[in-house]
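Student: Each chain, letter by letter, is given below.
4 protein chains.
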Amino acid sequence: MTRQAATEMNLNFASDNTGPVAGPIMDAILAANRGGAMPYGADPWMPEVRARLREMFDWPEAEVLLVATGTGANALALAGLVRPWESVLCHRIAHIEVDECGAPEFYTGGAKMILIDGPDAKMSPDALAAALAGMEGSVHNVQRGALSLSNVTEAGTLYTLDELAALTDLAHAEGLVTHLDGARFANACAALECTAAELARGFDMVSFGGTKNGCMGVEAIVMRDPARLREMELRRKRAGQLWSKHRFLSAQMAAYLRDDLWLANARAANAAGRRLAAGLERLGAELVHPVQANMIFVRLDRDQHARAMAEAQFVQYDDAPRPLCRMVCDFTKTGAEVDRLLELVAG
Amino acid sequence: MTRQAATEMNLNFASDNTGPVAGPIMDAILAANRGGAMPYGADPWMPEVRARLREMFDWPEAEVLLVATGTGANALALAGLVRPWESVLCHRIAHIEVDECGAPEFYTGGAKMILIDGPDAKMSPDALAAALAGMEGSVHNVQRGALSLSNVTEAGTLYTLDELAALTDLAHAEGLVTHLDGARFANACAALECTAAELARGFDMVSFGGTKNGCMGVEAIVMRDPARLREMELRRKRAGQLWSKHRFLSAQMAAYLRDDLWLANARAANAAGRRLAAGLERLGAELVHPVQANMIFVRLDRDQHARAMAEAQFVQYDDAPRPLCRMVCDFTKTGAEVDRLLELVAG
Amino acid sequence: MTRQAATEMNLNFASDNTGPVAGPIMDAILAANRGGAMPYGADPWMPEVRARLREMFDWPEAEVLLVATGTGANALALAGLVRPWESVLCHRIAHIEVDECGAPEFYTGGAKMILIDGPDAKMSPDALAAALAGMEGSVHNVQRGALSLSNVTEAGTLYTLDELAALTDLAHAEGLVTHLDGARFANACAALECTAAELARGFDMVSFGGTKNGCMGVEAIVMRDPARLREMELRRKRAGQLWSKHRFLSAQMAAYLRDDLWLANARAANAAGRRLAAGLERLGAELVHPVQANMIFVRLDRDQHARAMAEAQFVQYDDAPRPLCRMVCDFTKTGAEVDRLLELVAG
Amino acid sequence: MTRQAATEMNLNFASDNTGPVAGPIMDAILAANRGGAMPYGADPWMPEVRARLREMFDWPEAEVLLVATGTGANALALAGLVRPWESVLCHRIAHIEVDECGAPEFYTGGAKMILIDGPDAKMSPDALAAALAGMEGSVHNVQRGALSLSNVTEAGTLYTLDELAALTDLAHAEGLVTHLDGARFANACAALECTAAELARGFDMVSFGGTKNGCMGVEAIVMRDPARLREMELRRKRAGQLWSKHRFLSAQMAAYLRDDLWLANARAANAAGRRLAAGLERLGAELVHPVQANMIFVRLDRDQHARAMAEAQFVQYDDAPRPLCRMVCDFTKTGAEVDRLLELVAG
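Chains A, B, C and D, in that order, give the protein sequences. Residue numbers for the first sequence follow the numbering used here, so the first one is 1 and each next one is one higher. Residue numbers for the second sequence follow the numbering used here, so the first one is 1 and each next one is one higher. Residue numbers for the third sequence follow the numbering used here, so the first one is 1 and each next one is one higher. Residue numbers for the fourth sequence follow the numbering used here, so the first one is 1 and each next one is one higher.
Possibly wrong hints are sitting among the right ones.
What the hints assert, rightly or not - Reference listing, derived: stretches of chain C covered by chain D, where coverage requires no fewer than 3 residues with Cβ under 8 Å from a Cβ of chain D:
(1) 31–37
(2) 57–65
(3) 76–89
(4) 182–194
(5) 221–230
(6) 233–244
Unchecked claim - Which residues of chain B face chain A? A few of them, derived with a C-beta cut under 8 Å, are:
(7) Pro20
(8) Ser244
(9) His289
FYI, nobody ran anything at the bench for these hints, they're computed from the structure. Computed from a predicted structure; not experimentally measured. We put the CB at the ideal spot given by N, CA and C, even for glycine.
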C-alpha cells in the first residue's frame, strides 16, 4: 500500500526530488510512529544511523547530525568548517554557489565563495592550485578555508576516486579543510562502483544525501572529527534545523542505509539515466555533458522539445533554437517511463 | 495500521513533541506518496493549505509558508518583521528567548530581545508600556521592532482575547509590528473556545504550529500582508528551510486543517491536561502555574517524584526538596495513561 | 598654539567626549605628519604603544590593536571572545547593552547579552552566580561566553579591585572569559589609586579608552593572550576598523601613554568631578549615584535646571518635576568652569 | 610647522595612504580643537560639509555621513543598498572584492559579490549584461542588487563619463541600484577634467574618499536619496563607525572641500603619476595598464627593481623575472622625488 501503483506512469523528469518516498522508508516512518519517543535525536533509531555511517565511511569516531534539507546540510557543514573571514573554494556552478540563495554566506557569517572554472562542472588540481596562488593571505584578504566538491556534480558528471584524491590531497597540503556535497553521494558510489569509505576518504565533512534518492527529507552531516560535534549541534539548533520529532528523520535514514537500499535506489536511478541518455543519442539529440549518473543535459530540436513537454516534465534552461534541457531520473523511473519519454522526443 | 496499538501505554509526558503522528496525517502522507510531484511548494496540496488558513484566519489576502520546525518558523517570522538594529519585545521566558539557542538573533542578523517580566509567563500592557518608555530611540539605541507573544505561553497559561487585544493594540499604537508564537495555537483556541481568526486578530505574522499537535514536522508561517511574501520566500530558501519534497509538508498541514483535526487534537490534549492537573491537586501536589491547556508545572514530593520517574517520562528542572517538574499531555494521552501517572505519584 | 585659549570658558558638561584633544597628543599628531609612513600599523609609533601597554598591564606577551571608536573596540573585543551562540553577561545598563545600537550583536554574529541587575550599575558576585545558575547549557540554550564589566561604570561608580577580583575569579571558575570596557580606564585607575596592571588583572581582553580622556579618537584593544591576535586583526580589517594612515592612531596613543598623560588627564577630570559633586551637594541637589570619578548623575529643581541649561550643556534624561541630569567633566574642566556651572545652578 | 620640511625626500610610493596630511587639513583639525563641541555629528563643521557636497554633486537633497576608513565607507554603503540575499556586481579585482577581507559580506549580512571580468579593471556594458543574463532570479538564487564601480579603478585606469553612463543606465534599466567606490574620486575628476556632479551622475550612493588624498582619515558616504539616511545612521552606529569627537572628521572634510583643495591635491598626484610613468617608459619599463591617474603598474628588470627597492618603497606583487610592481604618487610627491625614483631605476 505504500508504493505507487505500477499502472500509473510518472513522467516527471524535472528532478530526482520530484520522486516519491521509497517503500521501505515509508514503512520505517510508519513503524516509528508508535507511542512516545524522546525528541531531538534521543530516539532509538539514531544510534543505528550513527553506527552504520561510521562503518560505511570507515570512520570509527565520526559523528552524525541529521537535518531535513540539502541546503541546510551544506550550509551547516560549511559553517562548521570555515570562519566568516575565510573562503570556500568551489566550482563556479556548484550547488552551494548557484542554487542556495546564499545559504552558505548566511550560515557562515559571510564567508566568500571562490569560484573555480572547469568543464563539466569539475575542477582540476591545476585550477585549484591557481586559485590558491591568487589568494594573498594578508589581513586585507579573505583567508583560505575549505574546498567543497560535489560528486555527482551539478552537471551530472563524476570525479573519479583518483581525481578526488588529487584535489583533496592538494587541499590538505595547502591548509584547507574539505567538504563533499554528497546530495547524490549514492549515485556517485553506484556509478563509480566504489564504497562509501572510498568516496569519502579525502573529506573532513560530508553532506550525505537521502532526499533525492528515496527519502522524504533527510540528509546526514557526517564529520570525521568528533571534536566538531558540539559546535555543530549548537549551530543546528540555532539554525532551526533540529527536529523535535527527530525519530522521523532517524527512521528514514536508518531504513535508507539498511540492506544498502541507498545503493540499490541509486543503481536504479543511474540505470534509468543511462537508458535515457542512450536513447537520446540514438535520436540524435546533443548531450551537453557526459552522462555518468542519473542526470541528462541535452539540447533538443524545437519539435522534439514541444512533443516531450506536452506530456512529460523536465527543466528548460533557455530559449535557444535547440533549448537546453535537464532530465533527471529518480530511483523509481522504469524502463517503460524512460521509453515513453523517448517516444515523445522521437515523435 | 497507522495508529499505535491501544494496548501499549505511553507514559511519556516530557513534551507534546514526544507524541506520534496523528492517523489522518500519516494517511495523508501516504496518499501524497504517489508518483511525481513538483517540488518547493508547487505541489497540489499547498493551495488547499493556503485557502484554508486564509479562511480560518479571516485574512483573505494572507500568504503562507511551511517549514518543518517551530524554531525555524519563529526565527523566520521575526527576521521578516524586524531589521538587525531593531528589537523584539517578549516575555523573559518566551521560547524565542530561552529555548532557541539564539535562532532569532541568527536569523534577524542580531536584533535584540527586550525582555518583559510578568507572572505565569504573561506580560501586562503596563509592563509593555514601561519597556517601551525605556527605549530612547536615538541612534545609539536599538530601535523598536516587534512584539512577540506566545499563546499558549511557556508556562502553559493563556492570554484571553481581551488581554491579547490590549497588548497588540498598544503595540500597534506604539509603532510595533506583532508576532504570535503559536506553537500551541490549537491548544489556545480550544481552551479559549475561540476561532482561529479571533486568536490571530491582532497579529501581523503568526507561527501556526502543527508538530506538537499531531503532525510529523510542519509549521505554517501565516502573514497577514501578502507584500511580505517574496522576502520571506527568499529568507526561507536562504535558511535551508525550503523543502524539495514539499508535498510532504503540504499534505501534513492539509490533513491537520481538514475537518478541524487541529482543534480536535488540541481538545483531547487539553482535556488530558485538565484531568492530570485535577488529579495532582487532589494528591496535594503544588501546581506552580494555572493549568489552562495541556502543560502542567508542578512540585512533587521526593517520593512522589521518584515513583513517577521510575515508570514515566517528564521534565525535572531543579534539585529542590520538592523538585519542579513539567508534564505535557500530547493529543494521544488517554484517561488511562493520565490515571496511571497519577497512580504512580500517589504511590 | 594647540591648546584652547584660557579665556574662553567651556561649559559643555554633556560628556567627556565633547572635550578637545590634549596638547601633547595634538603635538604628537603634528610630529607624526612628516613625510611617508607605512600604513596599517607598520608605522614607527606602534612598537612604542605595544611595549608601553605590555609594561603598564604587566602582560609581557600581550598584543594590542588600535581602533578609532569605543564601540568598535568593545564590539571587536567581544567578537574575539565569544561565538555567535554564546552570551555576554553584563550589567543591565552597560554601554554595550544600551548605547551601542546592537554593535556587539552585529560583530559577534548574534551573541546574546545576559543582563544582570544591581545598584549603581554594578553587579555583585551573587547576582552573577544567580545568572549563571539560570543558564541551562543544553543545546537549546545560548551558552556561557564572556563576562563584561565596565570600570568606571555607566553610572560613574567604581568597582574596587577586590570587587573586580571576586567577579572575574568567579567568571573564570565558571568557564567564562572576561572583558573590561575601559572607556574610562584612566579615570578608574586615578580614582582607585591603582596601577593599570592592578585594574586589568582579572581580564582577558581590555578596551583601553583614549578618546574620552584627551585623544582625538583612539582606543586600544589589549589582549592578554597573543594567540588571539591573528583572528582579531582579520576581524578589525573586516569591520572597516583598520586605519590606512594608522600612524595617526599610534601617535595619539603613544603620546597618551608617555609620561602618564593618561593618568594626569584622568586625575584632572576626576578632581573636577569631585568639585562639582561637592558643590551640587552643598546646593541641596540630589546625587543619584555615588560620585566616584568624573560623572555626576543629579536631580535638579526645575529652576536650577532651567538656569543651568541656559548657559551650559549637559544631558537631561527625563521630564520629571526634578529632572535627572548627567554632567561629565572632561580633563580640561577648570575650577572656574565648574564653579560657573554651580553658580548657574545656585541662581 | 604643519607641513613636512621640503628638504627631506619622501620616496615612499607604496600607496597614496602612506602620505601625510595636507597642511590646510591639519590646520583645520587644530582650529577645531577649541573648547567643547557636541559629539556624533552635531558639531559646527558638519553643515558646511553637507552643503558643499550637495552643491558639488548637484544633489540638493543628498545626505552625507562621515566615517574614518574607506572599507567602512564602502561596506556601509553597500549594506544600505542591498539585502542579504541580493548581490553586488563588481569587477573581479574591485577593492571591495579583493582588499577588504570580506567587509561587504560582513556589513551586508552575506550578500554575494558577482564578479565581472574586463581588461584594466574595467567592465564593459556587454559584460555587465551577460552577468545579469546569467542571474536567474528564482527563489533558489541570490537576487539582483547593486552595481559597484570604482573610478579610479584598482588598476589605476579610468572609466570615461560616457562609459560610466552606459553602465549605470544599464544597471538602472535592469533594476539595480548603483554605488561608486570613489576612494580616488578626486583623482578621477582631475584626470577626466569633469565636475564632481558629472562623475557622480549615475550613482545612488558614493564613497567619496579623503584619506588617500590629504586627509588624516575621513570618507564621506553621499546618498542621493535622503530617505536612506535614518537606516544608514543606525548602521553606522551599529558598526562602531560613529565618531564621538566627530568634529575632527567634519573639520577634515570641510577643509578638504574648501577652495577645492581636494581637486588641487589630486591634480598634483596625477601630475606626479604622469611624470613617473613617462620616465619609466623612457627607461623601457613595461607599463602593465594605461597610467591615467596616480597609480603605476610596471614590470621592472631585476636590477632596476633591486636598485629602486634599496632606497624607495613600493609594492612588489610577484617573483617573476621581471617582477610586477605598483608605485603610487600621493599628493605631496615632488618632481624631485619622482626623478630620484627614476634615477634609481635607471641606475
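Student: Hints first: check each against the structure and report whether it holds.
Tutor: Tested hints:
Using a Cβ-Cβ cut-off of 8 Å, 5 residues of the stretch 31–37 of chain C lie near chain D, which meets the minimum of three, so the contact claim holds. Note: the stretch 57–65 of chain C has 0 residues with beta-carbon separation from chain D under 8 Å; the three-residue rule is not met and the coverage is violated. Under the rule that three or more residues need a Cβ within less than 8 Å of chain D, the assignment of the stretch 76–89 of chain C is violated, with 1 such residues. Restraint check on the stretch 182–194 of chain C versus chain D: 0 residues with Cβ-Cβ distances below 8 Å, three needed, restraint violated.
Counting residues of the stretch 221–230 of chain C whose beta-carbon sits less than 8 Å from any beta-carbon of chain D gives 0, not enough to reach three: the coverage restraint is violated. With a cut-off of 8 Å between beta carbons, the stretch 233–244 of chain C has 9 residues touching chain D; three or more are needed, and the interface restraint holds. For proline 20 of chain B, the interface hint holds, since its Cβ comes within 8 Å of a Cβ in chain A; the closest pair sits about 5 Å apart. Proximity of serine 244 of chain B to chain A holds as hinted, the smallest CB-CB distance being about 4 Å (cut-off 8 Å).
A hinted interface residue such as histidine 289 of chain B counts as satisfied when its beta carbon comes closer than 8 Å to some beta carbon of chain A; here the least separation is about 22 Å, so the hint is violated.
Consistency note: the structure conflicts with the earlier hints numbered 2, 3, 4, 5 and 9.
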